[in-house]
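With these hints in hand, go ahead and build the complete structure from the sequences.
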Amino acid sequence: MSDLISLTLTGLRDRLAAGEVSARAAVDACLARIQATEPALSALITVDADAARARADELDAAGYDPAKPLWGVPLAIKDALTTKGLRTTCASKILDNFTPFYDAEAVARLRAAGAVIVGKANMDEFAMGSSTENSAYQLTRNPWDAERIPGGSSGGSAASVTARQCFGALGTDTGGSIRQPASLCGCVGLKPSYGRVSRYGLVAYGSSLDQIGPLTRTVEDAAALLAVIAGPDAKDSTCADRPVDDYAAALAARPDLSGTTIGLPVEFWGQGLDGEVDERLRAAVDTARGLGAKTVEVSLPHSKYAIAAYYIVAMAEASSNLARFDGVRYGVRDAGAEELVDMYARSRSAGFGDEVQRRIMIGTYVLSAGYYDAYYRKAAQVRRLIRDDFAAALAQCDVLAGPVSPVPAWKIGAMTDDPLQMYLMDIFTISLNLAGLPGISIPAGLGATSGMPVGLQLMGRAFDEAGLLAVANTLFKALPDAGLPRAVA
Amino acid sequence: MPDYEAVIGLEVHAQLKTASKLFCSCSTAFGSEPNENVCEVCSGMPGVLPVLNRTAVEYAVKMGLAVNCEINERSVFARKNYFYPDLPAGYQISQYESPLCGPGHLDVETSAGPRRIGITRIHMENDAGKNIHSSAENVSYVDLNRAGVPLIEIVSDPDIRTSEEAVAYLKGLRSILLYLGICDGNLEEGSFRCDANVSIRPRGQAEFGTRAELKNLNSFRNVQRAIDYEIGRQADLLDDGEAVVQETRLYDAGRNTTASMRGKEEAHDYRYFPDPDLIPIQLERAWIEKWAAELPELPRERRERMAAEYDLPAEDARILTEEKGLADYFEAAVAAYDAPKKIANWMVGEFLRRLNETHTAAEDAAMGPESLAALVALIDKGTISGKIAKDVFPDLFASGRAPEEYVKAKGLVQISDAGAIEAAVDAVIAANPAEVEAYRGGKTKLMGFFVGQVMRETRGKANPQLVNELLQGRLG
Amino acid sequence: MKIPPQEAARIAALARLQLPEDKLALFAGQFEDILGYMDQLGEVDTTGVEPMYSPAEHATVFRGDAAEKRVRRDDVLANAPETDGTFFVVPKIV
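Chains as they are written, first to last, in my numbering: chain A, 1 to 489; chain B, 1001 to 1476; chain C, 2001 to 2094.
These are calculated hints, taken from the structure and not from any lab test.
There could be a bad hint or two in this list.
Said to hold, decoys possible - With a straight-line cut-off of 35 Å between C-alpha atoms, the simulated DSBU-like cross-links for lysine-lysine are:
(1) Lys2069(C) - Lys1215(B)
(2) Lys411(A) - Lys2023(C)
(3) Lys2002(C) - Lys1130(B)
What the hints assert, rightly or not - Among the chain A residues that face chain C by a calculated CB cut under 8 Å, a handful are:
(4) Thr10
(5) Ala240
(6) Ala337
Backbone N, C-alpha and C fix where the C-beta goes; we use that ideal spot for every residue, glycine too.
Below you can see the structure in the form of structure tokens.
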């Protein structure tokens, strides 16, 4: 394996800046790694090799540009974000033939910063899932164990980064879909505050829950990506008009955790955690204490209602967001229909997988006449209570800490028969999306029994990514580095 | 047979004349090539997001203020979910529980006196595109130019009792929209649309009857006819002991009937919920006050002022203020030549007739207000007769030529020189001895004949008053 | 909460989905579990709690009313399953 691939994103960035490495060399290294690992891993739906090489050559010809903070850095983009001129499928058959003419804003910013897009990462179809098994195209395997899932829905992004196919990736998080695959694959995954990153070009699932964020090998890398994609966008009304903090400076300013108070929600640290997960996470919290952090018990009393509230809101919004996939203006149309309503039904039923159809139907149901108040409106009320819980808890500490997933990566197929069981896996990540707060998963080592990665989640105040990243970075550097994943070594 | 009372409510959709669409910056210009004013946002592509047009909000609030509505400082956009090819996202962005404007009213004049029609609410929403059906080819063609154009929906209370009131209400709303300059008000082209909810009940009954919703009312005449037909249809049903079905009915102008759309539509469950891509509208008091201060003189105010200021009959004032352009034209003409009553007569008669015939708006007429004023002045000065003025009016109207120059060029200047007229009078008397004798014998009605003959002799240019005087003198 | 088959069929129709009998039955069963789980929200006392439909707390975002043509018609139609170069073409609407 090329030495280049063992670098972190910031490490590569510095080499590129120093002229020690060309953009082309970096891209070639990634493409070679992709070629070597994809047959087993299947993390990318589309590899854009020719365009990536051409772009790298363009950058090299123009010369290094310090105004482009990601100059020459190869990245993968979850296939839920539109990429201009490059096929975008959302891992769904219904978009099998879709090529957008516009970049997602986050993608445009990465390109403007000099990054090179090497491919589109696999995912659960329309971001609906926690294992990436709902992809209509391919099964991504966990880089630590090919018999296990990489997590989801940003499983492709997590696997690709961890397997060193790229130096970072964008994922999306609606109920945990960045943090959970990061945890299950052993990389860093950040969900920014709602409204921190523009959603323009993110194919919507749960519009009031979705955020785009980085998956990377280190927290410093995540901060570097966030710095580029964060910030106001006139094309997204829900994107906050707030300046972007200097994340790099914030990281540098926190050598240890003295003066930091970490809140431990009792509801997250009770039963329900797998033994080996519990062990790794408690060890991580101890490490934090060793760095000078104080811990305090807090409560998030409405936690047990989070999954119900989340799924009602997410499915309702999804049922509406996915109505546009009707075979009229883009996407796959069923050729056999002679009449319009039939065309809609056939195209959608053939194009959407079971999980997507299930969620559309439940979403349609909870919004329908007679049920709106009991489900959708009620869920929105509970959502406010959950948000208030977080505000109260975060008044007593700087960040909260908890698990990401109750179990490490499970075996492929183990949960596909029982959708509800899969939904319950989101228990620790979901409330943050309801509250709109930022959260990050950092690797806390390998579980003693399974040898699979376990991630620790840190959660922060709205728009305080700087504070959250600083704490996460300090702790991350002190936690065990599991090294290159076994299954793709 | 019981005496029935009709209960009518009207839903009006008005397209707002903003430059760009409600949620994207595509042009709203009418008549462009299909799908040329379309972007990824208004065509509902994956990942796109709406951003609200501030001017559309301003226009909507101004309409609310003009019809005495409460303006809700906070209002919320909601998705109305249904599938149709002209609705790209599979939902319309509208307002449901929290509309922009609350209750208001419009006062209208009817033959039975003034009536106050309540307005329930006004809300904002985006328009859909257009489907063009081709039954020959078994397909439909979809043009999204119109998709995303801003609309306001004005919902009346069920206060309307007759088709006359309905038309008066619609004309009143339309007039206000035009005065505000925020809508073209074109019923035929669709920038101003109306659906009517019609039910009947035995007079004196408090409960409403079952209502039918009438669609395809694309002219004021059709609104009136459709409502009258429907009232009759429902009365017949009830008289026969049958029930009125709650349904949507399409008006057929050719047959002057309404027909059920049942079978073509399903029960609608729109599953409204607040649009998570948009922040609720929060207006500041200061903006509402500023917009209120910017309201122009509205039709009713203008009508009353003009009637008083120019001493115009009520009906003339009403006609002249029905279109802002016409009212502006009138006042400009009067400013050029201070003869309001005479100018009003010409405008309400000849000018308006020609405007209607040629489908021209007053402000677009080739004959400007100064020209009309100049024409009236020429008559007053005696330069031409009223009859000549009427004769040449069509030409002046079409060409926009200055009347004084035109009249001189065509040699139409009235002959007011007594000597010249005397010569003609003498010629006519000499040529018609029998009639002269009959006249002198008592048939005084023959004066008209002599006047006509003198006018012919002078090719219509003699001053009629002088002709009369001279003839009286000669004939005795 | 029990979902009778005709209710599941009504929802599918509303959502423009066409499910074969067996899938409809499978989904109906799964819905009962999922919706039953969601019913526990009924335990929460939400009297006087304002619904929170979005975490976004900032002021209304507006756009100026300037028209611009950013996109060519060819791009708009490029992904159309059926087009004549001017319109989107769809099967007849009965």
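Margin query: Run through the hints listed earlier and report the numbers of any the structure violates, in increasing order.
Written below: Going through the list in order, the structure violates hints 3 and 4 and respects the others.
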